[in-house]
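Novice: Residue numbers (this note's numbering), protein chains in the order written: chain V, 1 to 294; chain P, 1001 to 1294; chain X, 2001 to 2294; chain Y, 3001 to 3294.
None of these hints come from the bench; they were simulated from the model.
A couple of the hints might just be wrong.
Residues from chain V shown here face chain Y by an in silico Cβ test under 8 Å; the list is partial [said to hold, decoys possible]: (1) Gly-189; (2) Asp-219; (3) Gly-293.
For clarity, every value in this text was computed on a predicted model and none was experimentally measured.
Note that the Cβ used here is the ideal one computed from N, Cα and C, for glycine as well.
There are 4 protein chains.
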Amino acid sequence: MTVSDLISQPLETIVDEIGGIYEHSPWVVETLFLKKETSKITTVSELAAGLKLIVNGASDDKKLKLLQAHPDLCEKVEAMKLLTVESQEEQSKSGLQSMKGEELDKFKSMNESYRAKFNFPFVLAVRNASKSTVLSALEGRLKNSSSQQEFMVALDQVHNIAWMRLLSKVNTDDAAGFLTCHVLDTASGIPAKKMKIVLTRLTPNESAGIIGEFVTNDDGRIEGGPALKGKDFIVGTYEWTFYAGDYFASRGQSMNGTPFLDIIPLRFGIDNPDDHYHVPLLVSPWGFSTYRGS
Amino acid sequence: MTVSDLISQPLETIVDEIGGIYEHSPWVVETLFLKKETSKITTVSELAAGLKLIVNGASDDKKLKLLQAHPDLCEKVEAMKLLTVESQEEQSKSGLQSMKGEELDKFKSMNESYRAKFNFPFVLAVRNASKSTVLSALEGRLKNSSSQQEFMVALDQVHNIAWMRLLSKVNTDDAAGFLTCHVLDTASGIPAKKMKIVLTRLTPNESAGIIGEFVTNDDGRIEGGPALKGKDFIVGTYEWTFYAGDYFASRGQSMNGTPFLDIIPLRFGIDNPDDHYHVPLLVSPWGFSTYRGS
Amino acid sequence: MTVSDLISQPLETIVDEIGGIYEHSPWVVETLFLKKETSKITTVSELAAGLKLIVNGASDDKKLKLLQAHPDLCEKVEAMKLLTVESQEEQSKSGLQSMKGEELDKFKSMNESYRAKFNFPFVLAVRNASKSTVLSALEGRLKNSSSQQEFMVALDQVHNIAWMRLLSKVNTDDAAGFLTCHVLDTASGIPAKKMKIVLTRLTPNESAGIIGEFVTNDDGRIEGGPALKGKDFIVGTYEWTFYAGDYFASRGQSMNGTPFLDIIPLRFGIDNPDDHYHVPLLVSPWGFSTYRGS
Amino acid sequence: MTVSDLISQPLETIVDEIGGIYEHSPWVVETLFLKKETSKITTVSELAAGLKLIVNGASDDKKLKLLQAHPDLCEKVEAMKLLTVESQEEQSKSGLQSMKGEELDKFKSMNESYRAKFNFPFVLAVRNASKSTVLSALEGRLKNSSSQQEFMVALDQVHNIAWMRLLSKVNTDDAAGFLTCHVLDTASGIPAKKMKIVLTRLTPNESAGIIGEFVTNDDGRIEGGPALKGKDFIVGTYEWTFYAGDYFASRGQSMNGTPFLDIIPLRFGIDNPDDHYHVPLLVSPWGFSTYRGS
Chain V
1 MTVSDLISQP LETIVDEIGG IYEHSPWVVE TLFLKKETSK ITTVSELAAG LKLIVNGASD
61 DKKLKLLQAH PDLCEKVEAM KLLTVESQEE QSKSGLQSMK GEELDKFKSM NESYRAKFNF
121 PFVLAVRNAS KSTVLSALEG RLKNSSSQQE FMVALDQVHN IAWMRLLSKV NTDDAAGFLT
181 CHVLDTASGI PAKKMKIVLT RLTPNESAGI IGEFVTNDDG RIEGGPALKG KDFIVGTYEW
241 TFYAGDYFAS RGQSMNGTPF LDIIPLRFGI DNPDDHYHVP LLVSPWGFST YRGS
Chain P
1001 MTVSDLISQP LETIVDEIGG IYEHSPWVVE TLFLKKETSK ITTVSELAAG LKLIVNGASD
1061 DKKLKLLQAH PDLCEKVEAM KLLTVESQEE QSKSGLQSMK GEELDKFKSM NESYRAKFNF
1121 PFVLAVRNAS KSTVLSALEG RLKNSSSQQE FMVALDQVHN IAWMRLLSKV NTDDAAGFLT
1181 CHVLDTASGI PAKKMKIVLT RLTPNESAGI IGEFVTNDDG RIEGGPALKG KDFIVGTYEW
1241 TFYAGDYFAS RGQSMNGTPF LDIIPLRFGI DNPDDHYHVP LLVSPWGFST YRGS
Chain X
2001 MTVSDLISQP LETIVDEIGG IYEHSPWVVE TLFLKKETSK ITTVSELAAG LKLIVNGASD
2061 DKKLKLLQAH PDLCEKVEAM KLLTVESQEE QSKSGLQSMK GEELDKFKSM NESYRAKFNF
2121 PFVLAVRNAS KSTVLSALEG RLKNSSSQQE FMVALDQVHN IAWMRLLSKV NTDDAAGFLT
2181 CHVLDTASGI PAKKMKIVLT RLTPNESAGI IGEFVTNDDG RIEGGPALKG KDFIVGTYEW
2241 TFYAGDYFAS RGQSMNGTPF LDIIPLRFGI DNPDDHYHVP LLVSPWGFST YRGS
Chain Y
3001 MTVSDLISQP LETIVDEIGG IYEHSPWVVE TLFLKKETSK ITTVSELAAG LKLIVNGASD
3061 DKKLKLLQAH PDLCEKVEAM KLLTVESQEE QSKSGLQSMK GEELDKFKSM NESYRAKFNF
3121 PFVLAVRNAS KSTVLSALEG RLKNSSSQQE FMVALDQVHN IAWMRLLSKV NTDDAAGFLT
3181 CHVLDTASGI PAKKMKIVLT RLTPNESAGI IGEFVTNDDG RIEGGPALKG KDFIVGTYEW
3241 TFYAGDYFAS RGQSMNGTPF LDIIPLRFGI DNPDDHYHVP LLVSPWGFST YRGS
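Bound-form chain V, shown alone (with noise of 0.2 Å):
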């Protein structure tokens, strides 16, 4: 079901749909579709950024509602423990059910001054998240000495989950997004041409492999337009591999036996089917450097 055949439904479907992914809390969902201003809505950024403003726009004291809605996550992997294997693998790839002893001990002790200081539980968005990206966000986060900020952190976190249970609910299939490379020659001062490049897909793990394996054109670009795009540009983890060592060599430039930099691997996420990322290349014999640019 695309964003705009979800749109179409009548409210009570909208809710059955999607109501839950604000935990607990159709009311966010109701409130936006009971507006008028819906009908503009065509992706899945524009819902999730409707659903937001919804929930920035409440009172305190029910954002602070929907917070204390969530499940405790200590509780959640007690829980989690009863589950078979395989379902355990479903909730969580992050592996906090196989704490054990100390580690545990800390855990739940840091859990619950969290729910003590701040008066409700320790949110995070947890799907690809490993157990020391849990363990150090809450470390992290129980030592922000103000609560008002740690509230705006938490509520973050809720919008995360809410965005990553509502793309799993649509198809985005036909979503605008796409994926870019540039690849500048910061040492000479021009595009770097010929340059190979791979493109790999890590996660998910099901459509995990190799996607495409490219060179660069005289102005640095992947030619004929952008290395991922529709139905294949999934959110997940990926991987350019570049080439740079071989560039190098190919402009005779001086170089050690085993040079500095040679095959770059450069990670990053895509984490919404509507943007444009563009992830360059800024690169020298002796360094390099990327960003999110657009």
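Based on the hints, put chains P, X and Y in the right spot on chain V.
Specialist: Same frame as chain V, but now just chains P, X and Y:
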């Protein structure tokens, strides 16, 4: 045998040991050691630099002869085909000997054109070079419009080959080189504290594997000195793995469910056992850069 | 009066001296100094951090009152018009009082909308802010969809104002902060040796001027320690001038008649007399970067 | 006279016009125009590239003669002293003629050593070079251990001189070059919208001044095309001024009273009227980078 051991030998022994690092040109080593200043040499870099100066100071004619003394890459490849598979592997990881048909014809033709154009064989330091590196280099350098410039490029490769051969002749376990890291959070303008970093050696194969796991201190550096030094500081290819996502999560920084940057692999080569390699990471949730620092 | 002098005074004197740095809110200073831990405070940063914690730990209601205690920016601007030109200058360099007609109307209207939307006046640390900064900030922050987030932003400004006021109350001539530099040649992967660098102070006006001329050493750093420290390490705006073109010319690097990079000005601000400011330059003939390092 | 006008002239006229751009070496221009392919030349870059190929393809002996045809810099400086002040300025902004005493002696001595070592005079494209640039270049290049490499460096300067002379001979008002900008907020991973940018020309003096004031659009670019093109796209030195502080203030970003980055000057040179100069800014509140893009 360390460099100090080597240079205390009689000239004859020295030439026996390292006279061949410049192809069929023992005069390079002889000339250097007939001078008095060699007593100041204590490191492999100083020895290599001394030999390089001898070559650079020689007449154009002598340099040309040195270049011409190198075997033809095509003939070398043909010869390799006669060897056992094992020996081929020892000789080269480049896979050049696997070329067939059109690819082989193109390679041969370019190789011939190169020699005809520049009057010396195509020289490339191939130890870790792949077939695509060799072909890229040959194709690119064949186009060089200045034969003087190509002469310089080729000579640079001759020095690289000599350097790699020299490294295999002397023991550098006590060399002064070491590896350090520094992580800066450019979104917040502060050192990135408590970021997990893993260091892995990728090549040489026989000593590949995870070397260590570190956590940055309050200054964003690895506590307790270099990540690598002494006999572990081996010429080869390495990879830092930075757990940047965990770091940003611990700061409560707004992040996507699928963060743009999470686990960041950073691959780099160490070529000189005498040098300090400072390989830092400047990182925000939306971009990073690195460079060979000091 | 140094921070040590200050905190050794009776509470009454301390409140007399710095009680007003948080607008009409001497309770912040009082609360801190009624605690025992203040004896550990030795620097102005620690003092400011202690006060900030008091504010962040206060109830939402108390924080709101603190925000509301700030004067309305519009009224402040009107009042300023009644002052002599000299006093106006002392009050603000922002030129807000020069607004007229449509611009003034827009400012007033945005200012009113802001207060109506968020229930507290628009607060911005204006000492060195220009009119365009104030207008940009007001226009941008008025659009904030989350009143909690804007509350945090406003509180952040309150802390900035308190910090600037505190700095003007205490003597920081002996503070530990200092300024260092490092120049790396990213085209060659080496420290940039013998590059000329000039350091100029731009503000405050009364101590503006060239501070020193330096030449980088073999490690690309300024010889003999910090470029600035002690009583010369004044909060203000500075500019490095890097003679990068001369450096590349000395290396015989291929450069254009009109080089892309030649003399590179790099402007930055120092806000904290206790901090180490490391402001490096990573430069190739075709690009450069800088960052607040450590 | 445009390049098209020029190349449609009889050979004699062409040589009269531009035969002198390579010092005392009209054979370069003659050789090119005796070939048939010159009809394909339409731009000044193509003309310069064609001439460069002739030189690079000439014998070593001919190249050496070309180098040796250049006047000795010392003698040139002595001769300049006999000119009026006005003429001196026309000849050179480098201030070389103001050298006296020890400085002059050192210059003369290095200049002599250079010629003795390499067998050709020290050549540097000096139009905008300062005295310190000349001295840095001379001192650095004198140390070059490879005379072949120094030969290449010197030849590169010869090409630069020819290029600058050629530019002064032909009209490039219709050249295709243009200047663009792009501002990315690397702290937030988005284009920097509504940032004010001022473009100023610094040299040549006669057309120096503010060129325009721009505001970035939603994609972080300057609306309505290039900031500079056509006859305004003059070879010279420029400066972007980015109002980064105002931009961050409008986003409510946490900033210091004295921000680390506020107004950012970015100085760069344009050397080729046929080229696209993309000069972007990647900026967070704590660092920035720029590069010659495409």
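Novice: Against each hint, give a clear statement of whether it holds in the structure.
Specialist: A quick look at each hint next to the structure:
Residue-level restraint check for V:Gly-189 holds (minimum Cβ-Cβ distance to chain Y is 4 Å; threshold 8 Å). Proximity of V:Asp-219 to chain Y holds as hinted, the smallest CB-CB distance being about 6 Å (cut-off 8 Å). Given the 8 Å rule on beta carbons, the hint for V:Gly-293 holds: about 6 Å separates it from the nearest Cβ of chain Y.
No hint from the list above goes unmet by this structure.
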